[in-house]
Amino acid sequence: MVPLPAMAAAAQDPGAGDTTSQLTGDLAAHDPSLVAGGPGENWYVFSTGDPAVRGGTLQIRTSANGRDWVFAGTIWDAIPAWLTEAVPGVNNLWAPEVYRKRGIYYLYYVASTFGSNRSVIALATNTTLDPANPNYRWVDRGPVVRSVPEDDFNAIDPGIVEDDWGTPWMAFGSYWSGIRMVPLQWPSGLPVPATGEPLRLADRQEPPNAIEAPYVVRHGGWYYLFVSFDTCCRGVESNYRVVVGRSRQVTGPYVDRDGRRLLEGGGTPVVSTVGDRVGPGGQSASGGILAFHYYDAADGGRPRLALQGIYWTADGWPTLSATD
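Take the sequence shown: its position 197, counting from 1, is numbered 197 in this note's numbering, and each next residue is one higher.
By construction, these hints were calculated from the structure, which means they are not laboratory data.
Please note: incorrect hints may appear among the correct ones.
Distance windows between CB atoms, simulated [to be verified]: (1) Gly316 <-> Glu85: 26 to 34 Å; (2) Arg234 <-> Gly73: 23 to 31 Å; (3) Asp258 <-> Gly55: 40 to 48 Å; (4) Gly25 <-> Ala314: 31 to 39 Å.
Heads up, the beta-carbon is just placed ideally off N, CA and C, and yes, glycines get one too.
Given the sequences, and given the hints that come with them, work out the whole structure.
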């Protein structure tokens, strides 16, 4: 069982590794996007906004060690006006993804409403994550991908990965036709023009096609596509779970450990409900650590942040336990 190199170093800190039951502080993060800190650096988690908190914009939590977390505000005080026009009824921003490239932090996020595919993945950028830095400012860069009821996909849950040649790709999607992908370009962070229909990566092949929250991790010459199956956002009634498949190409085809294609409903289990940790999903990865939320049955089903180290089996599959 071999951990990622970054995970091996981070595991020297009790705040890293399997921290599901060790985290303290403000853990009310839904759809967490983790930025793991290096030695002497702060950790950050960006998450879905709460309509009752500063206009429902994306929330930020910070930690000095990856274990003890504090609420650090939101990126803005209100949802940009163009998004409230594009998505009538939107009252909070969802499912952020933070990606750093050439000194710029690209923050992708979602405006949508439950049960609708009238959705927008949008982009904001910053040169620092430290609010004490005089250059700290989230700049609205506008839309990245949109979907409307006439489309067969839903533009939510962005996840960014660069391929072996440095080309960025954005996986996204929820329900409808499943997980899709488009190529991006630097430095704009926006899609390559005129690339046609988004590529297809994963599909449950049965209604209601409950698959979302894609996140691609590169390891050992493979691309690993993590997705969340089933239903979130129902407290202790949630049955979210995380599965994975892999491919030699970032664009697929992705297959699970048994050789079943993710486009045909495949997926190798990674994490699911255990005890009071109900409905884990909405995942991201950073520094060899998988971040996800779950619903705490011991606390009325409220969402909580979890961080667990990604380990790799001898045949190259991810697991969250060093003893599996």
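Hints versus structure:
no.	hint	verdict
1	Gly316 <-> Glu85: 26 to 34 Å	47 Å, violated
2	Arg234 <-> Gly73: 23 to 31 Å	28 Å, holds
3	Asp258 <-> Gly55: 40 to 48 Å	46 Å, holds
4	Gly25 <-> Ala314: 31 to 39 Å	37 Å, holds
In summary, the structure is inconsistent with hint 1 from the numbered list given earlier, while agreeing with all the others.
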